[in-house]
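Okay, here's what each chain looks like letter by letter:
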Amino acid sequence: MSAQTIVSLPDQSTAKMPKRHYINNEHGLLSWLLTGDHKRIAILYLISITFFFFIGGAFAGLIRLELLTPQSDLVAADTYNKFFTMHGIIMIFLFLVPSVPATLGNFLIPIMLGAKDLAFPKINLLSWYLYLAGGIFTLTALVLGGVDTGWTFTTPLSTHYLNTHVITTALGIFVAGFSSIFTGLNFIVTIHRMRCPGMTWFKMPLFVWSHYAASLLMVLGTPVLAIALVLVLLERLFGIGVFDPTKGGDPLLFQHLFWFYSHPAVYIMILPGMGVISEVIATFSRKRVFGYSAVAFSSVAIALFGFFVWEHHMFIMGVSNYSALVFSLLTMLVAVPSAIKVFNWSFTLQKGSITFETPMLYAFAFIGLFTIGGLTGVFLGALGMDIHLTETYFIVAHFHYVMVGGMLMAFLAGIHFWWPKMTGRMYPESLSKLSAVTSFIGFNLTFMPQFILGYLGMPRRYAAYPPEFQVLNVLSTAGATVLGVGFLLPLLYLGWSLKYGAIAGNNPWQATGLEWQIQSPPPTENFLETPIMDHEAYDYEWLANKTKHEVTTVG
Amino acid sequence: MGISPVLWQFLTNWLHGSALFPAEASSISPWVDALYFFLLLMTVFGVVLVGALLTFFSVRYRRERSPVATQVEGSTLLEATWTIIPLAIFLLVFVWGALLYFRIYNPPTNALNIYVVGKQWMWKAEHPGGQHEINALHVPMGKPVQLTMISQDVFHSFSIPDFRVKREVIPGRYSTVWFEATRPGTYHLFCTQYCGTQHSGMIGEVTVLTPVDYQKWLHESTSGMSLAQNGERLFASMGCNQCHSGTAAARGPNLAGVYGSKLTLTDGSQVLVTDAYLRDAILSPSQHVTAGFAPIMPTYQGQISEDGLIDLVEYIKGLQSNYRVQQTLVTSTSSDAAPKTPEPGTTTPEMVKP
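The listed protein sequences correspond, in order, to chains A and B. Residues in the first sequence are numbered from 47 upward in steps of one, following this note's numbering. Residues in the second sequence are numbered from 198 upward in steps of one, following this note's numbering.
Mixed in with the good hints, there may be bad ones.
Below, computed lysine-lysine pairings styled on DSS-like, alpha-carbon distance capped at 27 Å [stated by the list, open to error]:
1. K293(A) x K340(B)
2. K65(A) x K249(A)
3. K545(A) x K65(A)
4. K413(B) x K293(A)
5. K594(A) x K249(A)
6. K65(A) x K162(A)
A short, non-exhaustive set of chain A residues, derived as facing chain B with CB atoms under 10 Å [stated by the list, open to error]:
7. F100
8. I101
9. Y126
10. P167
11. K168
12. I169
13. L171
14. G295
15. F336
16. S374
17. T377
18. Y511
By construction, these hints were calculated from the structure, which means they are not laboratory data. For each residue, glycine too, the CB sits at the ideal point set by N, CA and C.
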């Protein structure tokens, strides 16, 4: 509760790139492909995930172009169906689920805990290969002619009525799923076993807490998806009949199995993003996160409740009225911890000393968009309202607000925030601020009209639609164009900064995390001597004293 | 509703005139819209509140004005406030939404029943009088209409946005939805569950007619045979009346008055005979053996189309005495006897209706 001395940003011009770091420690392609270093694996993930993001984004662009006119005149209905299927599958399984955990989580969790690596470096590398294999399988299906099940693989459509590459795609997702399980497992073990001396659970950064919660979901949820996909394959290949009513099966069983994973999957995506936001907000307001333990516990609460809400995807499917009641109630409860987080982040700013660097702008965008996404989720959790809104563009807008507006903004916030640490270089400040503003405006222009379209009743996954919906669709497509520019900009200037960016120095943001106390980019072994965590997380007084001490010793 | 009725009228009229709001064309629509406005208000309030907090703190505590941060650990009082208030609002929304759900999905008993079969890629509606329509549905205004729906292939979803109703149409089981239309006119009927290539082409039109016009339409569109009559013919041609003859020596249970009754099965359990039960009992009889009868009924899985099942069910529903059954028995045996009796076992029952 006491005032701290102001820490001025160090003079960047004198900062020098360290001679030896994880990037130049070994040379050659093989040294990357066979590495056990969590930081290098994170970079491998970052490159492959970015690749898939832009492929998925290209499909999004095609979808919006097709919807510019009411007729299906750009492509035939069949092709359009393949477009939205590939968009969904790539974005969810190959981008959103692994994005923050596999890149930033992989890079940062060991460093934040004061460890030299993850618990199982070889399994970590294996998980990247599994991810890549899954991605290549999925892309193969795309090149061979695509798949048109929708990312939800609804049976019996996917098992009996489609002649597209369902098996290849499902296998791809099945394999990529194991990468997710291994990553989760690795994080859980690392967080339990490899914290440095003094790093108690409640001294861990909130980024680590959120990854811990997400890892639980990955490890417990993903196998159920794997089972559902295996059953789809068996049904398709051998007609075993678990989902076929004429053989005594139940087509709703697939929905239960699929959503048992795929609802928690939303939290696998969003929780790590929330972790990023906690770090960014604390750093740029120079304050400890308001109610640290409430934010930590709300992550775990979201993970636990997240397992008991899947049936809210099935309110109109003829589930019993009473089970619908229970699941609606649980859905309302899961909204509460999210509300807690939003208010805690807001009040972290109070009495802070706030600056508005690019990661902070992205974090603000996250809070705004996530608030809208979260509150519109309450519409869908309310039983009577869900009947009208589900399967329309309202739901499309809602989950894009949560997953793209929330998750992607958090990912970009995190990439910008830790870019100096990962590469040792700064990115151009004004361009990056422009990209944050552009994507925020573009995002709202794209998805706000879709809420209205949804209440008007426009169904999702329509290649052609009644002409009265055109004006709002044109607006949405215009927004998507702006959004596309907002996402392309970072690709360009971040690439540029790799060679031409200013040298960042160890701690350009004056942040408190252990990762900022080592050189940028870090050495392969992270810490030359095992650190001791002798202060709380986000302790700016500790940082001020440390800096003062260093200044005096150097001077 | 704390809003004056005049203002409410003005507001809804204005909204329906604008292109941003769907028509209110069923008795349930105003109720759904009321909850929608409440939720919209909650969202706007929440977003404005968060936006205001962020803006205020950003201006007040920016680096230039507040060079030094004051560390605050948290505040139990504040955190309890923003846990309890959202919780209370969400619970209110839960109760409101649940009441609405029961209202939308529990049909009144006097509803007019129309059958709908969804298939790739069309909606086929069958009125009790035998009127069939494809991608169209004519309903009377001011009368509750219940749709009993089933899919012949994949999941479809039956949605009329202007009525604010929607229900999944599922292979292998009947689902129902009901509404009471309040304004004559034509409204969109969408399939909202992705169902394959022509998903976006599975659009129909719901036409709401005044009761007089509806009667006129029924007369003009009749095919001459009601669903129950079709069912009766099917009942005879599939040979159902051989066992379900309604006599004391019959090998199958008496079907007169069976619909809506409680039936005791061989395992001692009791079931309520509904449309869904009748359908299941025809398709997988071995799992639905009535107490006192031998499990000798063959399965009709794959031999009767969903349309045919609807006809049979409609026929059985209407059976109040055995008179009709015995009539059909006489007719069918006499016609069987006429030219040549096919040898037992050689006839392969075909799909009676395509």
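Task: Interface hint compliance - L171(A) to chain B, C-beta minimum distance less than 10 Å - done: 38 Å, violated
Open item on the list: Under 10 Å is the threshold here; is the Cβ of F336(A) close enough to any Cβ of chain B for the hint to stand?
Closed with: 5 Å, holds
Task: S374(A) as chain B interface residue, shortest Cβ-Cβ below 10 Å - done: Holds, about 6 Å.
Open item on the list: For K594(A) and K249(A), compute the direct alpha-carbon distance and say whether it is at most 27 Å.
Closed with: With Cα atoms ~23 Å apart, K594(A) and K249(A) stay inside 27 Å; holds.
Open item on the list: With the threshold set at 27 Å, check whether the alpha-carbon distance from K65(A) to K162(A) stays at or below it.
Closed with: Holds. K65(A) to K162(A) sits at ~19 Å (cutoff 27 Å).
Open item on the list: The hint names G295(A) as touching chain B; please verify it with the least Cβ-Cβ distance against 10 Å.
Closed with: 8 Å, holds
Open item on the list: Just to be careful: measuring from the Cβ of P167(A) to every Cβ in chain B, is the smallest value less than 10 Å?
Closed with: With a minimum Cβ separation of about 37 Å from chain B (threshold 10 Å), the hint on P167(A) is violated.
- [ ] Have a go at the Y126(A) hint: is there a Cβ in chain B nearer than 10 Å to its own Cβ?
- [x] 8 Å, holds
TODO: With a cut-off of 10 Å on the beta carbons, see whether K168(A) makes it to chain B.
DONE: 41 Å, violated
Open item on the list: Take the shortest C-beta to C-beta distance between I169(A) and chain B; is it under 10 Å?
Closed with: 37 Å, violated
Task: Hint status (Cβ of I101(A) to nearest Cβ of chain B, threshold 10 Å) - done: With Cβ-Cβ at 22 Å, over 10 Å, it is violated.
TODO: Using 10 Å as the Cβ threshold, decide whether F100(A) counts as touching chain B.
DONE: Because about 25 Å separates F100(A) from the closest Cβ in chain B, which is outside the 10 Å limit, the hint is violated.
This entry does not satisfy hints 1, 2, 4, 7, 8, 10, 11, 12, 13, going by the numbered hints stated previously.
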